[in-house]
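J.: If you want the building blocks of each chain, they are given just below.
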Amino acid sequence: MTALSFTLKSPLRQRLDASPLVPDRLLGKSPKEIATLDLQYGNRRIAAADLFDIAGDDAESVRISGSPKLDFAGRGMTRGSLIIDGDAGAYVGMHMKGGRLCVSGSAGLYAACELKGGIVEICGNAGDLLGSALPGNKKGMSEGVVIVRGDAGDRVGDHMRRGSILIEGNAGMYLGARMTAGTIAVRGRIGACAGYAMKRGTLLVYGSPVSIGATFNDCGLHTLGFLPLLLKGYQGLNTCFSETRACRSRVRRLVGDLSVQGKGEILLVA
Amino acid sequence: MTDKTSAKVWENVPSPFCGIASDDLRIEVCGSSVRVLANGDAVTVPGFERPVTDTAPRIAGEPASLEDAVRRAAEILKEARLPVFSGFGTDVNDTRAALALIDKVRGIFDQARAAGGVRNLLALADSGWIATTLAEVKNRVEVLLVFGSDVEAAFPRFFERFVWNRETLFGQDPARREVICVGRAPSGDAAVSPDGRRPQVVECDPRHLPELAAALSALARGASLQAETVGGIPVVVLRGIVERLRRSSYSVVTWVAGQLDFAHADLTVQQVCQMVALLNKETRAAVLPLGGQDGDRTASQVCAWLTGYPTRVSFARGFPEYDPYLNDASRLLKDGEADALVWVSSLSPAPPPAAEVPTVVIGRSGMQFDEEPEVYIPVGVPGIDHAGHMYRCDNVVAMPLYALRDCGLTTAAAVLAAIEQSL
Amino acid sequence: MIINGVHIDETFAEAFPMRATRVIVTAQNLKWAHHAAQAMTGFATSVIACGCEAGIERELDPAETPDGRPGVSALLFAMGGKGLAKQLETRAGQCVLTSPTSALFAGIVEGEQIPLGKNLRYFGDGFQISKRIGGKRYWRIPVMDGEFLCQETTGMIKAVGGGNFLILAESQPQALAACEAAIEAMRRIPNVIMPFPGGVVRSGSKVGSKYKTLPASTNDAFCPTLKGQTRTELSPEIESVMEIVIDGLSDADIAKAMRAGIEAACGLGAANGIRRISAGNYGGKLGPFLFHLREIMA
Amino acid sequence: MLIKLTGGTVYDPANGIDGQVRNLFIRDGRIVHSLNGATPDQEYDLRGKVVMAGAIDMHTHIGGGKVTIARNLLPEDHRADPEPRRGLMRAGCGHAAPSTLTTGYRYAEMGYTAGFEPAVLPINARQAHMEMADVPLLDVGGYVMLGSDDFFLRLLSAGSDQKLINDYVAWTIRSAKAIGIKVVNPGGISAFKFNQRMLDLDEKHVYYGVTPRQILKSLARAVHELGVPHPLHVHGCNLGVPGNVETTLNTISGIEGLPMHLTHIQFHSYGVEGDRKFSSGAARIAEAINANKNITIDVGQILFGQTVTASGDSMRQHANAGHAHPDKWVCMDIECDAGCGVVPFKYRDKNFVNALQWCIGLETFLLIDDPWRVFLTTDHPNGAPFTTYPHLIRLLMDKSFRNDMLATINPEAAALSTLGSIDREYSLYEIAIMTRAGAARLLGLTDRGHLGAGAAADITVYTDQADKEKMFTRPDYVFKDGELVVRNGEVVKVVWGNLHTVQPEFDNGIEARLRDYFDRYHTMKLDNFVINDWEIEGDGRSKILVHPCHQGTRS
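Chains as they are written, first to last, in the UniProt record's numbering: chain A, 1 to 270; chain B, 1 to 423; chain C, 1 to 298; chain D, 1 to 555.
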C-alpha cells in the first residue's frame with residue numbers, strides 16, 4: 001500500500017478547507033467517493049478531484065501537497081498520519097486528538113490551535129498563535145506535543161492549557177501569553193513580552209540574553225529536579241531538547257505574570 | 001428643501017463625523033453647500049462642508065446610468081469567488097443593506113477602520129470589562145486616566161464636552177477633575193483644566209505600553225514588583241497613580257483603540273480592563289473604550305446583531321464566520337484571495353485601497369481616486385442628504401441623523417439593495 | 001523431605017490478600033535515598049499495630065529511576081486500599097517530603113491510583129506547581145532545599161501478605177545465622193519484602209490470647225522454654241526458632257522468595273545446627289494462600 | 001385574501017373556547033366571523049389539529065444594547081451554532097444570544113408571533129428598536145426602564161408631586177416608543193454607581209436617600225394612573241440572593257394593591273433554610289400570589305446548559321460576576337439613565353444550587369392556581385434560551401416526564417424540593433392562557449392572543465402528540481397577520497412584524513424641564529433623544545400599533 005496522496009493541480013487562489021482530507025474521514029471510502037469529496041474553496045464547493053491529482057490507497061497515511069492557503073489540514077484527526085508536503089495555511093492541526101501530522105514547510109496562523117492530542121511537527125516556521133485558543137475561547141492547546149523546527153511567530157501558546165510546544169528556532173513576542181499550564185521550550189531567541197498575563201505554566205528559554213517584563217520577579221538560580229524528567233519525556237521526538245547536556249543545567253527562575261497573580265515561570269537556562 | 005437659493009439654518013444637528021456625536025451643531029445649507037456655523041471641530045467641519053462634485057455613476061470612468069452601474073456591479077459579484085466588502089464609513093441602514101448583499105453573494109465584511117475595534121473586541125470576548133458612557137463621565141468622573149492615547153487628536157471636543165463641562169448632577173466641580181496621561185502626551189491643551197492645571201503626564205516609548213499596562217494591573221492587584229522602572233517610568237510613580245485611582249470615588253480609564261496601533265494590542269487593552277475590574281473590588285471605576293470614527297462603531301454594531309459577530313465576518317460557507325485576522329480586507333487583497341472589492345463609504349470620502357481586482361465603489365460624492373474603479377456610484381451622506389442612524393464612540397448611544405439638503409443623491413442602502421435585487 | 005540434613009516439615013505457610021504499592025525514592029545519592037526510604041518503611045513490621053507492612057525492595061541505578069538519580073524502591077502493604085493510601089500519605093509526608101534532596105515516584109503504573117503528591121501538594125501552600133509529563137502528573141512543592149518533586153499518584157494492586165517460614169535450630173546464634181543467610185538470598189528476589197527488623201521476627205504469634213483484649217499472643221508451641229509447659233511442636237534438641245515473614249506482589253513472588261530463603265538456610269545444614277524448617281500454619285483459617293513447603297522446595 | 005381554516009380543535013381561552021372543533025376565517029389578515037359566502041382563496045384542512053393564537057413571549061431579551069454586548073462577548077457560542085442561509089432565511093447564528101434574524105426565524109418556527117423586550121433603556125431605546133426591527137416574523141414591543149435614572153430619582157427625592165412623575169413616565173414611554181414601564185433593582189443601578197453594593201427594599205439610596213419601596217410605589221402608581229394596561233414590570237431587589245423571598249413578599253405586600261408584574265420571580269424566591277442556607281421559597285411566593293389578585297408574575301425558569309445572563313441590574317450582575325462561566329463578563333454604567341451587566345452562565349443539573357433553582361421555577365408554575373397571572377418565560381437568555389420552551393411546556397404538562405427529570409438532578413436538591421409530590425399537569429387550555437390569552441391581556445393587546453373576530457390572524461396550528469415537547473417544537477402552520485409563514489416547522493415566507501406601543505397622555509410642561517436637564521447634564525439634545533415615527537416606519541418594514549390607555553381608572 002502507498003500513502004493516499006493529494007497533489008494540487010494548480011496553485012490555490014482562495015483558501016481551501018482541507019479538513020475532510022484526514023485518515024478518519026477517508027478510511028473506507030472508495031476512490032470515486034474520495035474523488036467527489038466536496039471541499040470548500042473560496043465561496044464555492046468543489047470536488048476533490050477537480051483540485052487534486054489523487055493517488056495511492058493507504059488512507060491511514062495521507063499526504064497533501066502544500067500551499068499557504070491550505071487551511072484546517074488535519075482538523076480533528078484522531079489517528080494515522082498526515083503529511084503536508086510544503087506549506088500549510090491557517091489552523092493546521094486544529095482540534096486534533098491523535099495521530100501524527102507533519103508539515104514539511106511552514107504553517108500559518110493558529111497552527112495546532114486547541115490541540116487535544118497527537119503530535120504536530122512543523123519543519124519550517126509557524127505563524128502567530130501556535131497552540132492557541134480561538135477568539136472567545138479560554139482554552140488553547142490542552143494535550144499533545146507540537147514541534148517547530150524553524151521559528152514560531154507571536155503569541156505562541158496563547159491560553160495554552162496543557163501539553164508541550166518545542167521550538168528549535170526562535171519565537172516571537174508574547175510567548176505563552178495568558179497561558180494556564182503546559183510547557184513551551186524555545187532553543188533560540190524569544191521576542192518581547194514573554195509570559196504576558198500568564199497564570200501558570202513553564203517557559204523554558206535557552207537563548208540569552210532576553211529582556212523579561214517588569215511583572216516577572218526573579219527567584220534566582222536553581223537546579224530543578226523536574227527538568228531532567230521533563231526533558232527525558234521528549235526523548236523519541238528527535239529534538240534538541242533531549243540532549244543530555246541540557247538536562248543538568250541550572251536555570252534562572254522568573255515568576256509571573258504578577259498582573260494576573262501569576263504562578264507561571266520563565267526558566268532561563270544558564 | 002427644494003429652494004436651492006435661499007439658505008436654511010438647522011439647529012441641534014448631530015455630527016456623524018466626530019465620533020462623540022456632538023448634536024449641538026448649527027448648520028447652514030444653501031443649495032448643495034453646507035456650512036457649520038457653530039460648534040464644529042477639526043473633524044466635523046470638513047465632514048459637513050465637503051462639496052458635492054459627482055452625482056452620476058461611472059463605469060470604467062465613463063458616465064453611466066444608475067441601472068447600468070448596478071447591473072455591472074452585480075455581474076462582478078456573480079462571478080466573484082470571494083468578494084470583499086470594506087470601507088463602511090456608513091450608517092445603520094447602509095450597513096444593513098450591505099450585509100444582506102454580502103450574505104447573498106457569500107462575501108466578506110470588513111471595515112477600513114476595523115483594526116482598532118478588533119483590539120477592543122478581542123479583549124472584550126476574552127475577559128469583558130466594566131465600562132461607562134459619556135454622560136456618566138460628564139457627571140461623575142473624578143480622575144480620568146488616558147492610556148497610551150492622544151484623545152483630542154481623534155475627538156477634538158471630548159474634553160470640552162465631557163470633562164470640563166460647567167456643572168454636574170451630583171454637585172461635583174468639574175474644574176477640579178484630574179487628568180492623568182500615561183504612556184503618551186497629549187498633542188494640545190484640551191486636557192488642561194479651565195483653571196490652568198495641566199494633566200499629569202507620564203510618557204514612555206510606545207514599545208513599552210504593553211509592559212506598562214501589565215505593571216498597572218499588577219499594582220492594582222497589590223503585587224510587589226522587583227523592577228524599579230517600567231519603560232523608564234519609576235514604579236513608585238505608577239503606584240502613586242494606582243493609589244490615586246483607588247482613592248477616587250469614580251475614575252475612568254480611556255484609550256483610543258485606533259491609536260494603540262501595534263500588534264496584539266488587545267492584550268494590552270485587556271490588562272487595562274483588568275486593572276479597572278480590580279479597582280472595582282473596593283471603589284468605582286470604569287473603562288471608556290473610544291472608537292466611533294467614520295462610522296466604525298455603527299457598522300460593527302449592526303454586523304453584531306445581524307450576524308452574531310462584530311466585524312471581519314465571512315459568508316463564504318453560507319453562514320457567518322468570524323476571523324479577526326484572515327478576514328482582514330487588506331490582507332485578502334494583498335494575498336490575492338479577494339477577487340472583487342466593494343467599497344461602501346457614505347460618510348467618509350476615503351477611497352478604497354489600490355487593488356488589482358474589479359472594484360465597485362458606493363461612495364460619498366466627491367471621492368477622489370488614484371485609480372478609477374470599475375464602478376463608482378456616488379451616494380448621499382447620512383445626516384446631510386438623508387436621514388439615518390449612527391453610533392457614537394461609547395458604543396451605546398445611537399443618534400438619529402437628519403436630511404438637511406436634497407441634491408438628488410441616492411443612498412448607499414438603496415444602491416446595495418438594487419444590486420441584491422438584480423443578482 | 002530432608003535437605004542437607006535439615007528436615008522440611010510437611011506443612012504449609014498460610015498467607016492472606018493485601019493491597020500493595022511500590023514507590024521509588026530518589027535523592028542526590030544512594031545514602032539519602034536510603035535515609036528517606038528507611039524512615040518511610042520504618043515501624044511497618046506488622047499490620048497488627050503499624051497500619052502497614054513496608055520495606056525496601058532494592059536499590060535502583062540512575063538509569064532505572066524516572067529522574068535519572070540514584071534511588072531505592074519500596075513496597076508498602078496493607079489490608080485495604082484506604083488504609084494503604086492513608087499510610088502512604090502519612091509516611092511520604094513525614095519521611096520523604098522532609099528528607100533532603102528526595103523525590104518520590106510511582107513504582108507501579110497499573111491498578112487503582114492512590115494519592116502520592118495529590119494531597120502532599122497542599123504543603124506548598126499555593127506555591128506548588130503541577131506538571132504533566134508523558135501523560136503523568138507531577139507536583140513541584142517548594143521546600144527549603146529547593147523543590148520536592150512528587151508524582152501525583154501511584155498504582156495500587158492486589159498482593160499477598162504473611163508468607164513465612166520458621167527456622168528451627170540448636171542454638172540462638174545458629175538460628176540467627178541461618179536467617180541472615182536466608183534474608184541475603186531473598187533480598188535478591190524482586191517484588192517482595194521481609195518487613196521485620198533485618199527481615200527476621202522472633203516473636204512468632206498465634207491467633208488469640210487468654211487475655212480477651214489481645215488478638216494475638218506468643219506462639220507457645222514454638223517457644224523452646226515452654227517445651228515442658230505447653231503442647232510443644234519442638235523436639236528436645238531445638239533451642240531457638242526464628243521466623244521470616246514475606247509480603248509479595250503475588251503468591252508466585254512469595255514462593256520464589258521462600259524457596260531462596262529456605263535453600264540458603266539449608267545451605268548451612270545440620271552441621272551448623274539447623275534442624276528443621278517449618279511454617280506458620282493456622283489450619284487454613286488465616287487466608288486463602290497456602291505455601292506447602294515441600295512443594296516449594298520440590 | 002380569504003382563508004378558511006377548517007375543522008381544527010380550537011383552544012382560545014380569551015373567548016372561553018376549550019378544545020372545540022371550529023372553522024376559522026381570515027380576511028386580509030384579520031379573523032372574521034365568516035366569509036359571507038365568498039370562496040376562500042386558500043383552505044387548510046385542520047381536522048385533528050390543535051389551533052391556538054400565535055404565542056406571545058412577554059419577557060424576552062431580543063433587542064437592545066446588552067444583547068449585542070452578549071453577542072460580542074460570546075463568539076464561541078455562535079461558532080457552535082451556525083445558521084446557514086436556507087431558502088428564504090438569511091444566515092445567522094443561534095444559541096444563547098442569537099443574531100436578530102435567527103431569533104425571528106426560530107421563534108416563528110416554534111409558533112411564536114410576538115416577543116417583548118423587557119429592558120429598554122430610554123437612552124438606548126433607539127438601538128432596541130433597530131435590533132427588534134431586524135427580528136423578522138415577530139411583533140415586538142418594549143418596556144422602558146425607569147427607577148435608576150437620575151431625573152426620576154431627583155424628582156422623587158425632592159418629594160415631587162405624583163402628577164409630575166406621571167408626566168415624566170408618560171413622556172418617557174412615548175419618547176421611547178414603549179408599551180410599558182420596567183423597573184430593575186429599583187434605585188440599585190444608580191446606587192451601584194455610588195459604590196453601594198446592596199440595596200434592600202427599605203434601604204436608602206446613599207445619595208438620594210430614597211428607598212426601593214418608594215420607587216416602586218411611585219412608578220406603580222404612575223403606570224396605573226396613566227392607564228397603561230401593562231402593570232409596572234418589576235425586577236425586584238436582591239436578585240439571586242439567598243433569603244430574597246422575604247424581600248419579594250414585602251414587595252408584594254408593599255405595593256398596597258396596585259397592579260404589579262413581578263418578573264423572573266424564580267430568581268427572587270430563595271430561602272435560607274437547610275445546611276447550605278439555600279432553599280425554595282416557591283410555596284410562600286405562590287401563596288402570596290394566589291392571595292393578591294393585583295400581582296402577576298413570569299417565572300424565568302432555568303434549564304440546564306450554557307447560556308448568558310443579560311440584565312439591566314449592574315449591581316447584582318457585578319456581584320455575581322464571580323460565577324461567570326466562561327470567566328468573562330461585562331458591566332456598564334449607562335448615561336445617568338441605567339446600566340447593564342452581561343454574565344455568561346452554565347446551569348448544571350448536578351450542582352445543588354442550579355438544581356434547586358430548576359425546582360423552584362417549576363414549583364412556582366405548579367403552585368400558582370390562576371394561569372392568567374403566571375407567564376411562561378425563561379427570561380431568555382438568562383434562565384435558558386427561548387428555544388427550550390417546548391421542553392419547559394412538556395415539564396409542565398407531563399408529570400411522569402417531570403419526575404424522570406427530577407430523578408437525574410442533584411439528589412440533595414431534589415430531596416429538598418416538593419416538586420415530586422406535585423401532581424398538577426397543565427392542560428392545553430392553560431398553556432394557551434399562559435402563552436397567548438393571558439399575555440395579550442396583560443399587555444393590553446386587544447387584537448392579539450385570541451381567535452375571535454377582529455383579531456389579527458396570528459395563528460399557530462399543531463399536531464397533538466403525547467410528547468408535548470415535540471408538539472410545541474414544530475407546528476404544522478403558523479400564520480402571521482393572515483399570511484402563512486411557517487409550514488411543518490419551516491419558514492416559508494418572511495414578513496416583518498409590528499411594533500406595539502401605548503401613548504399615555506401627559507402635560508407638555510414636563511418637556512421644558514427635561515429640555516433644560518438634557519442641556520445641562522446629558523450628552524445629547526432632548527429632540528434627538530425622542531424617537532420619531534419615521535425611525536420605526538421609515539423603511540416600510542414595521543408598523544407602529546398604538547394600544548389604548550384607560551387613564552384614571554383604579555381597580
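Simulated from the structure, these hints should not be mistaken for lab results. Watch out, some of these pointers could steer you wrong.
A few chain D positions that, by computed beta-carbon distances, are all more than 10 Å from chain B [claimed, not checked]:
1. 67
2. 225
3. 278
4. 401
5. 404
Using 16 Å as the maximum straight-line C-alpha spacing, the simulated EDC-like pairs for lysine to aspartate or glutamate come out as follows [as the list claims (entries may be wrong)]:
6. 525(D) - 11(B)
7. 281(B) - 243(B)
8. 49(D) - 464(D)
9. 199(A) - 76(D)
10. 232(A) - 64(C)
11. 139(A) - 464(D)
12. 227(C) - 170(C)
13. 525(D) - 24(B)
Values in this document were obtained by computation on a predicted structure and should not be read as measured data. Idealized CB from N, CA, C, for every residue including glycine.
J.: Which of the listed hints are broken here?
T.: Checked against the structure, the hints that fail are numbers 1, 9 and 11, while the rest are satisfied.
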